[in-house]
Amino acid sequence: MGQLVFSSWGREIIDNRQGGDGTSEIVQKKLPVTFDGERSMVAFMGWDGIIVADPEVDVVAMAAEYAKRVQEDYCCAKCSPGKKGTRVLQDTLARILNGEGEEKDLAEIEALADLLQNCKCTLCMTSAVPVLDTVKYFREDYLAYIRGERRPRPAEYKVKLTAPCQDKCPAHIDIPAYIEAIKDYRYDEALSVIRESMPLPAVCGRVCPHPCESACRRKNVDESINIMVLKRTASDYEWQHQQTPPMQPKPRKGKSVAIVGAGPAGLTTAYYLALEGYPVTIYEALPEGFGGGMIAVGIPAYRMPRHILQRDIDIICSMGVEIIYDTKVGEDISLMELKQKHDAVLLAPGAHKSKPMGVEGEKEGYSGFLAGGIEFLRDAYMGRPTGMGKRVCVVGGGNTAIDCVRVALREGAKDSILLYRRTRKEMPADVWEVDGADEEGVQFEFLVLPKKIIVDDNRQVTGVECVRMELGEPDDSGRRRPQPVEGSEFVVECDTLIPAIGQDPDLSFITEDTGIEITRWNTVVTKFVPQKNLVGRDLNDEMGNPLTRILLTDMDGVFASGDAEIGPLTVVACVGNAHRAAKVIQRYFEEGEAYLTDDDFHEDILSHLGVYDKDEKVSWLDAIGRFDQHEIHGRERASAGNYNEVELGFSDQEAIKEAERCLRCYRVSMIAV
Amino acid sequence: MVSLTIDGKQVSVPAETTILEAAQEVGIKIPTLCWLQKVSPTGACRICAVEIKGIERTMTACNTPVKDGIEVTTQSEALTKIRKQIMELILVNHPLDCPVCDAGGECDLQNTCYELEVNRQEFKAEDVNPETIDHWQLIQQVPNRCVMCEKCVKVCHEVVGASSLFVNEKGDRAFIDKDLESCEFCGNCVSVCPTGTMISKPFKFKARPWALRKVPTVCTHCGSHCQIDLNVQGGEIFRVTSDDEGTTNNGNLCTAGFFGYGYINSPQRLQAPLVDQQPASWGVALGHVTDAIEQVIGKHGAGAVAGLSSPRLTNEENYLFQKLFRAAIGSNNIDSEARYGALRALKGLDSVLGLHGASNLISSIGSAEAVLVFGADPTAEAPAIDWKIQEATRQKSGKLIVANMRKVKLQRFANSFLNYRPGSEIELANVLGRLLVDKGLVDEDYLNRAVGNLDELKSHLAGVDLAQAVAATGIELAQLEEAAQMLGTASTVALIFGADISKSERGEEKAAAIANLAILTGTLRGEAGGLFPLDEKGNMQGLLDMGVYPEALPGFLPYAEHSSAFGKAWNAELPKGGLDADGILQGMENGQVRFLYLAATNPLSFPNASRWRKALEKVDCLVVQDILPNELTELATVVLPGTTFAEKSGSVTSLDHRVRPLERGIRPVGDAREDWEIFADLYARLTKTPLTISRSDILSEVSGLSGLYGDICFVGNDRTRPCLKQPFSPADKSFTYRAVSGSEPVEGLQLLSGKSIFHFGTTSTWSDSQLELVPEGKIEINPEDASTAGVKDCEAVKLSSSTGVAFGKVSLSESVPVGLLFAPYHFTEQGIQQLLQDGRNRSKVTISKA
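First to last, the protein sequences are chains H and S. My numbering numbers the first residue of the first sequence as 161 and each following residue consecutively. My numbering numbers the first residue of the second sequence as 34 and each following residue consecutively.
The set of hints was computed from the structure by calculation and includes no laboratory data. Heads up, some of the hints might be wrong.
[To be verified] Per the computed footprint, the stretches of chain H lying under chain S, defined by three or more beta-carbons under 8 angstroms from a beta-carbon of chain S, are:
no.	region
1	231-239
2	247-260
3	278-291
4	336-349
[To be verified] Residues on chain S that point at chain H, a partial pick, calculated with CB under 7 angstroms:
no.	residue
5	85
6	88
7	89
8	90
9	91
10	92
11	97
12	100
13	115
14	156
15	159
Note that the structure is predicted; figures quoted are calculated from it, not measured. By construction, the Cβ of each residue, glycine as well, lies at the ideal position given by its N, Cα and C atoms.
All chains should be built: construct the whole structure from the sequences, respecting the hints.
Now the structure itself:
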């Protein structure tokens with residue numbers, strides 16, 4: 161946005177209309193100057209107030225339009241004040257705009273705004289906030305209309321429905337809608353809503369780190385809604401009732417797309433393009449039965465049972481997606497060949513190569529020193545020999561490291577030890593995963609750094625020499641930086657050492673002749689629309705990538721998505737990213753141009769702004785706390801060969817009760833350009 | 034328990050109780066408009082807003098659970114203002130057609146406005162309500178009267194499970210829309226509508242609610258016996274309603290219960306006796322009947338007289354019917370359609386369990402942890418059972434296993450759908466039993482205690498060949514195992530079976546196989562669950578209880594053994610032997626039976642109808658006692674106009690043994706008489722001894738002789754307290770496992786005859802409403818079979834079998850598998866029952882274009 165004229169955002173009034181240069185962090189840093197790289201954002205109206213960045217903005221007309229869109233496009237009609245109140249609000253504002261208003265209408269707007277506080281959800285309730293602000297702070301403008309002194313000028317508005325959870329979810333699933341459907345005993349509808357943004361519901365109902373829950377407004381009352389398990393409930397209901405998914409792909413179209421990799425990104429793009437009728441062929445390096453990419457070979461079956469993952473994959477295939485297994489692009493077929501055979505190519509190879517650890521001896525090829533966590537998980541998953549012994553050390557603090565120590569137990573390790581250089585608190589792994597490992601009997605060595613691999617005469621690993629660490633000053637990530645304690649070297653005995661400190665994409669198949677640029681983090685560079693904030697800084701996503709990317713590579717018709725585009729992240733991030741790739745490819749097919757729509761821009765602007773406010777005071781009775789799913793407990797769950805699912809989901813009744821807790825925090829955002 | 038204060042009153046309630054319910058506990062009434070106890074709270078109207086100390090915003094009492102220590106205020110100036118203003122908003126563009134609105138006088142919106150003193154409306158907005166929806170059958174939707182409480186949507190989705198109603202459009206344009214395909218036209222949306230939005234077209238503009246007299250009685254369209262009120266004015270029934278409170282059906286009704294009363298008012302009703310098709314007085318007609326009986330007895334003996342009775346008649350009527358035949362006529366040639374269904378189920382269950390019907394109350398299905406619906410379509414056969422299954426498996430988290438040849442509605446909600454091949458029912462029951470034992474999912478202690486021949490059970494199940502069972506049923510082993518797992522791990526199981534079992538070949542053995550399975554699944558233990566044989570006919574249980582079949586006297590007492598005792602009581606010598614329906618049919622054909630009395634029954638709806646038709650033409654005297662004309666009233670020597678349930682008193686017994694009084698809502702039409710009066714009159718004429726008829730006299734005679742109904746106590750018109758027989762409590766070792774095996778060979782295209790969800794017997798084909806929904810019986814055919822036969826949807830076809838032909842239009846449907854046709858039997862003129870061999874419900878047919 162440009163220089164601030166007026167803001168009531170966050171209930172903080174900054175009014176520069178009579179001069180002054182008050183500003184706020186949101187205007188300075190959070191919002192971009194332009195809507196889409198070209199057109200200026202002149203005003204923003206939403207759940208927490210209005211922001212005006214151009215004195216020419218007709219605030220009254222904007223409020224009238226806002227009320228109209230809320231009532232006609234978004235109001236669900238499922239409560240009386242919302243359904244009727246916003247209609248009266250819309251008509252009252254329209255009357256004023258037509259020069260037929262009276263001053264008492266302003267009082268009525270104020271009364272309605274009050275009444276809307278009694279709504280069932282926050283959609284209509286929060287829509288009253290900015291409208292009321294306009295009446296309060298732009299009363300003269302209203303009176304000018306009422307006196308017949310003003311006519312509305314044409315203006316362009318962009319409107320979007322959002323919610324804190326939906327905004328935070330990288331796939332932007334309409335979470336309040338599917339929770340509402342569960343509350344109404346309509347699991348099929350819930351699943352349909354999920355599938356609009358997420359073709360792997362069984363997966364993301366189980367293994368999602370659920371960033372949505374960190375942006376759940378119910379947290380401001382007691383604890384967040386168990387959004388992930390509700391997704392699982394909707395997804396499990398379908399197969400547990402032997403129902404056939406209702407989706408029907410559109411008639412077959414001519415242009416086809418090749419996808420490199422049957423992981424979450426590849427499958428997602430495939431699904432949405434197949435639904436549109438485009439023939440999709442996925443080339444997958446692993447053999448049949450091991451589709452799913454990192455979901456399959458990176459997430460152990462006790463977290464993500466294979467048959468359930470396979471069902472999600474089978475459903476995607478039933479939409480007309482062909483997966484050619486055992487075919488590694490770059491070896492069995494070249495990227496250029498793919499480009500020739502298809503009208504578009506999506507690169508979604510994932511990140512399946514472990515990062516080196518930097519310990520002495522790691523390149524010696526010692527027996528018992530395994531290639532890496534991700535390779536170990538893959539071998540275990542595929543039933544191949546892993547090379548693991550009985551006393552296993554895994555190095556790392558992320559989810560992959562945790563998966564490795566837990567799989568090691570199931571592969572028959574007597575001792576499974578995690579070595580991590582910081583403390584439990586700093587571990588990037590999800591807390592519940594660490595707790596799970598703990599419960600299963602994994603041993604933890606915190607504040608240790610492996611230095612050297614110890615081997616015997618047969619070059620067999622017998623241990624790893626480590627040094628004790630202590631935490632120093634915080635680094636960029638805000639975590640305290642670990643520093644070695646001099647002279648504290650000691651040996652952890654083990655016969656197997658697995659480095660699991662991160663993974664990289666293997667992009668060797670992208671040859672130089674393609675002209676596709678690769679970043680220094682080994683991800684594919686894609687085109688983007690530069691967005692800057694008022695102080696001139698580029699707006700980036702959480703991985704440091706440009707915020708608004710088109711996902712087209714340097715080569716025409718070749719797109720990229722997933723971990724290889726974003727950097728190694730999460731399934732849900734890949735799904736969101738790949739869903740956008742599908743839309744962009746569709747536009748490329750149908751209009752000859754890969755571009756982003758207003759809705760895409762709006763989505764990115766909101767996610768940069770953040771819809772959730774952790775400081776908001778939410779007034780609600782905290783009568784029923786969060787319900788967690790059932791789980792198998794005890795060490796037996798990790799006994800050798802036992803890959804049975806540990807988490808058991810909700811019963812339908814539990815799901816409904818949990819869904820009842822949802823506050824349905826819809827919000828409407830409107831931007832004037 | 035959670036303690037809280039509401040308006041200063043202390044109350045302690047269980048956790049998860051809502052504030053609204055807690056307030057009710059201490060007699061505090063919080064106004065509501067959208068709240069409906071039987072569905073999940075909606076929180077739409079916001080009228081029940083209350084204040085809670087420490088919470089800034091108001092909370093809605095209907096969907097806010099209580100919390101320890103909270104202080105709730107339900108009345109304050111602020112709340113009154115909010116409630117009034119919300120009501121004012123609801124009234125924006127609400128039409129002022131209250132004087133002609135159907136809900137006038139029973140409108141919750143009117144009442145709430147009155148209570149909250151909402152007497153003006155200041156808001157205004159453009160009226161964007163959609164037009165009145167008039168194209169739905171039977172129900173009109175007037176969107177501008179709608180308050181969007183969603184009661185209709187919820188009752189349709191949660192209670193009925195039809196899920197046809199939904200909210201369409203956004204904002205103030207939103208309205209309740211319907212998917213017509215899935216609508217069951219049960220009318221529950223109309224009953225729960227608080228305003229005049231959902232309107233019954235048959236009732237519209239016919240009467241004002243306050244002018245109607247409500248007569249509490251029992252719906253006898255099926256054996257569920259929902260408690261209803263006939264809404265009567267001037268000798269006519271205008272509508273049927275049911276209260277949510279105090280009824281076993283929670284106010285829910287099905288299409289026949291709600292709309293199906295039209296046949297009672299039908300102008301075609303038989304209003305006067307006919308002798309040789311000429312109107313006659315009762316004296317002449319009954320004299321004719323008596324003379325004919327005496328003549329036949331004189332010439333051929335009492336064994337030449339036979340009668341078929343009906344599950345449409347009351348307990349007292351059936352009792353009198355068998356007494357008339359056995360004591361006054363001296364013939365035990367009495368039977369009914371039960372011979373081809375219910376009696377087989379009864380015999381099967383009796384032989385294994387000593388059980389004469391359902392083992393538990395219908396309500397106990399609602400809390401079962403697993404429900405197995407085996408060869409039944411409860412939606413059609415006993416809708417109240419469907420609602421209870423919905424409760425167990427959807428409102429609660431019970432597992433549903435549906436075993437059926439075709440996809441019935443409940444399949445939609447099934448955790449496991451065992452789509453077995455026709456004729457493989459016994460093998461399916463056996464293999465489930467075997468898997469339960471194999472997987473250690475049976476309660477050995479219980480079996481030891483309950484079963485007398487445990488060794489036989491074990492050895493028989495051990496002999497069940499899994500591969501053979503998979504081949505016979507066409508169901509994969511993994512799926513059978515999964516179903517067994519669900520049944521075996523549930524601590525309470527409801528097992529429901531229906532016409533596909535009891536009306537089929539070897540029905541008794543199939544019922545026995547299911548009884549075996551009931552033992553193995555622990556269905557017969559405990560309060561929840563139970564075993565439920567379904568028969569679609571209203572008073573089937575009463576008919577069986579009254580011993581209207583030659584093998585037994587009232588109370589299931591074996592005839593030969595107890596006939597002298599009954600004879601003594603009745604002052605008569607009872608005949609030996611007796612023909613059942615098959616015997617009567619043969620007897621008519623070979624001249625042994627000369628006189629047939631059809632009491633409210635139409636054998637043309639029996640299997641092999643054309644054989645019956647021919648046989649009926651042969652008797653010397655055919656007496657037809659019925660309410661509506663049919664082919665047989667035209668054939669009859671004497672026609673005696675009987676009455677419907679709405680015109681009579683007496684009692685009926687539901688499928689779960691609740692005995693309830695019928696209350697007379699209207700006088701019998703024309704000269705028609707209550708059926709028991711006819712029997713009593715004939716009894717008096719034949720024995721020259723007058724017979725008193727009163728409900729209490731007859732029932733005490735029944736209980737004295739049979740031991741049944743001994744605990745019955747009708748208290749005035751009290752419809753809230755059904756009288757129950759004693760719960761089923763089998764003695765130790767009283768169960769006798771019955772080893773049955775084998776499948777029926779099935780060849781060619783098979784036709785299965787059964788019940789439509791919109792029709793009940795043949796009477797509903799006289800109800801305009803039901804005819805508007807389904808005017809003819811369509812033959813369901815799989816698209817693949819249709820393509821093989823070269824027929825298109827809605828095309829007329831001819832079906833031929835070894836016994837007859839039938840005509841009808843086809844309906845292409847994936848509900849039936851390849852190789853199986855399904856047709857409803859209600860429209861006798863279509864001839865579906867002519868295609869069936871004696872006593873069967875399924876036949877090999879050929880199909881051709883008509």
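Tested hints:
| no. | hint | result |
| --- | --- | --- |
| 1 | 231-239 | holds (count 9) |
| 2 | 247-260 | holds (count 4) |
| 3 | 278-291 | holds (count 3) |
| 4 | 336-349 | holds (count 4) |
| 5 | 85 | 6 angstroms, holds |
| 6 | 88 | 5 angstroms, holds |
| 7 | 89 | 4 angstroms, holds |
| 8 | 90 | 5 angstroms, holds |
| 9 | 91 | 6 angstroms, holds |
| 10 | 92 | 5 angstroms, holds |
| 11 | 97 | 6 angstroms, holds |
| 12 | 100 | 4 angstroms, holds |
| 13 | 115 | 6 angstroms, holds |
| 14 | 156 | 5 angstroms, holds |
| 15 | 159 | 6 angstroms, holds |
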